[in-house]
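There are 2 protein chains.
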Amino acid sequence: MEREHFSRQYDEELNTIRERLLEMGGKVELMINDALKSLVERDSAMAERVIAFDHEINRLEMEIDERCLQVLALRQPAARDLRFITLALKIVTDLERIGDQCRNIGKRAKELNEEPPLKPYIDLPRMALHAGTMVKEALDAFVRGDADLALKVCRDDNFVDNLNEQIQRELLTYMIGDVAAISRAMKINHISKCLERIADHATNVAEMVIFMVKGKDIRHTAV
Amino acid sequence: MEREHFSRQYDEELNTIRERLLEMGGKVELMINDALKSLVERDSAMAERVIAFDHEINRLEMEIDERCLQVLALRQPAARDLRFITLALKIVTDLERIGDQCRNIGKRAKELNEEPPLKPYIDLPRMALHAGTMVKEALDAFVRGDADLALKVCRDDNFVDNLNEQIQRELLTYMIGDVAAISRAMKINHISKCLERIADHATNVAEMVIFMVKGKDIRHTAV
Chain H
286 MEREHFSRQY DEELNTIRER LLEMGGKVEL MINDALKSLV ERDSAMAERV
336 IAFDHEINRL EMEIDERCLQ VLALRQPAAR DLRFITLALK IVTDLERIGD
386 QCRNIGKRAK ELNEEPPLKP YIDLPRMALH AGTMVKEALD AFVRGDADLA
436 LKVCRDDNFV DNLNEQIQRE LLTYMIGDVA AISRAMKINH ISKCLERIAD
486 HATNVAEMVI FMVKGKDIRH TAV
Chain G
286 MEREHFSRQY DEELNTIRER LLEMGGKVEL MINDALKSLV ERDSAMAERV
336 IAFDHEINRL EMEIDERCLQ VLALRQPAAR DLRFITLALK IVTDLERIGD
386 QCRNIGKRAK ELNEEPPLKP YIDLPRMALH AGTMVKEALD AFVRGDADLA
436 LKVCRDDNFV DNLNEQIQRE LLTYMIGDVA AISRAMKINH ISKCLERIAD
486 HATNVAEMVI FMVKGKDIRH TAV
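One line per chain: the protein sequences are H and G, in this order. Quick note, my numbering runs 285 ahead of the 1-based positions in the first sequence. Quick note, my numbering runs 285 ahead of the 1-based positions in the second sequence.
Incorrect hints may have been included.
Where chains are identical, the list cannot tell them apart; a pair therefore holds if satisfied intra-copy or between any two copies.
[What the hints assert, rightly or not] Result set (EDC-like, lysine to aspartate or glutamate): computed pairs, CA atoms no more than 20 Å apart in a straight line:
#, residue 1, residue 2
1, Lys-499, Glu-351
2, Lys-499, Glu-348
3, Lys-392, Asp-446
4, Lys-375, Glu-351
5, Lys-392, Glu-450
6, Lys-395, Glu-450
7, Lys-478, Asp-446
It is worth saying that the hints were derived from the structure and are not from the lab.
Produce the complete structure using the sequences and hints provided.
What follows is the structure, encoded as structure tokens:
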């Protein structure tokens, strides 16, 4: 009975970590969405909210870290649970840095909103949508232990990389055609790179999930 | 006697993790140095070596991860040791991503080496030197548990950030002045951002060290 009680509490602790990670992922996904919206709709108040929201992501990072340490210290998890906890520790860092990137996008959006628009934003929102989905799917793959879904995330990264390169080429054309466009083009370029980094973080998470599930490290082999 | 034997072996395991991390840090520092050298001295063969060397960094990441998991599974470390191991797991990820940034610099260097030089590189090597020192000092702070040194690293990040901004402003002037310079300026800009990211990784490590030593999370408060 004692033992059963212990085990139920332990399961709950692991579940809480899982839930908090999903909560953090959901919030980060929303941040990506809002950061882009603040750019496309030229809404600087929304950009401000995105920048301020980074605190909430940081708070969640510290909370989840602490929960993982508690479980490691008090429950001495083995095998599967141990991999889950150590991965959670790494994943939470990736999520926090995605939050940082969203804050960076918010800052650039605010600057861009003060100048006349250079061009309609078509590819950046597409990139953001994909990057957000990658973050969501990478976390789903983690909590479900779904290697196939994680593999899909790794493959999707190519799409975001290609969009980033396409945007960069296009901006180059703008810059060559009009000197007055250069400063704005550099800022848009920065946002594109932030989105690429967000997709990279999601890919890192997915690669770690595949390692967790298959016990095989594909992090540094071609997918 | 049995117990003493156990404890000596355990200490050795922790020491090995410490040594491997320092080894990885030393190799990463060398990579930063060589990546910049391949640019400044227009040595594309060296750039190739930097790109290829990333494999060695990835191998070390996997080895250290595995060692940490072993200690967590078999030794059930508590308190201080537990924080050390969980931090090692996070730090190794930062080091690996610094390796990725060096590979990116190597790729851009190769491209730039095929075109006429845009300008002498003055600030980029300074930035690289600082970023490399930050990586070294962050790791030293980790293995020594030296919060003061870690705090210095956090402060040094401002210097690298300022250099990056200065380089970006300068490149903007080049681009506005000469359309033919834009493509090369964008590549130099990319290298500058890679170095900034390397310094960010070192800062992340340093912030985690301060947390480990002081038990206080300064990751998300102003330094």
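Homo-oligomer pair classification [Glu-351, Lys-375; C-alpha up to 20 Å]: Answer is both; intra-copy 13 Å and inter-copy 14 Å each pass.
20 Å Cα threshold - placement of Glu-450 relative to Lys-395: between (24 Å within a copy, 18 Å between copies)
How do Lys-392 and Glu-450 come out at 20 Å by Cα distance, when the copy is not named: within, between, both, or neither? For Lys-392 and Glu-450, the Cα distance is within 20 Å only across copies (15 Å; inside one copy 22 Å).
Is it within, between, both or neither when you check Lys-499 against Glu-348 at 20 Å Cα-Cα? between (28 Å within a copy, 17 Å between copies)
Please work out whether the CA atoms of Lys-499 and Glu-351 approach to 20 Å or closer within one copy, between two copies, in both situations, or in neither? between (27 Å within a copy, 15 Å between copies)
Intra- versus inter-subunit Cα pairing at 20 Å for Lys-392 with Asp-446: The answer is between: 16 Å across copies meets 20 Å, while 22 Å in one copy does not.
When no copy is specified for Lys-478 and Asp-446, does a C-alpha distance of 20 Å or less occur within a copy, between copies, both, or neither? For Lys-478 and Asp-446, both the intra-copy (9 Å) and inter-copy (17 Å) Cα distances are at most 20 Å.
Hint check: no violations occur; every hint is consistent with the structure.
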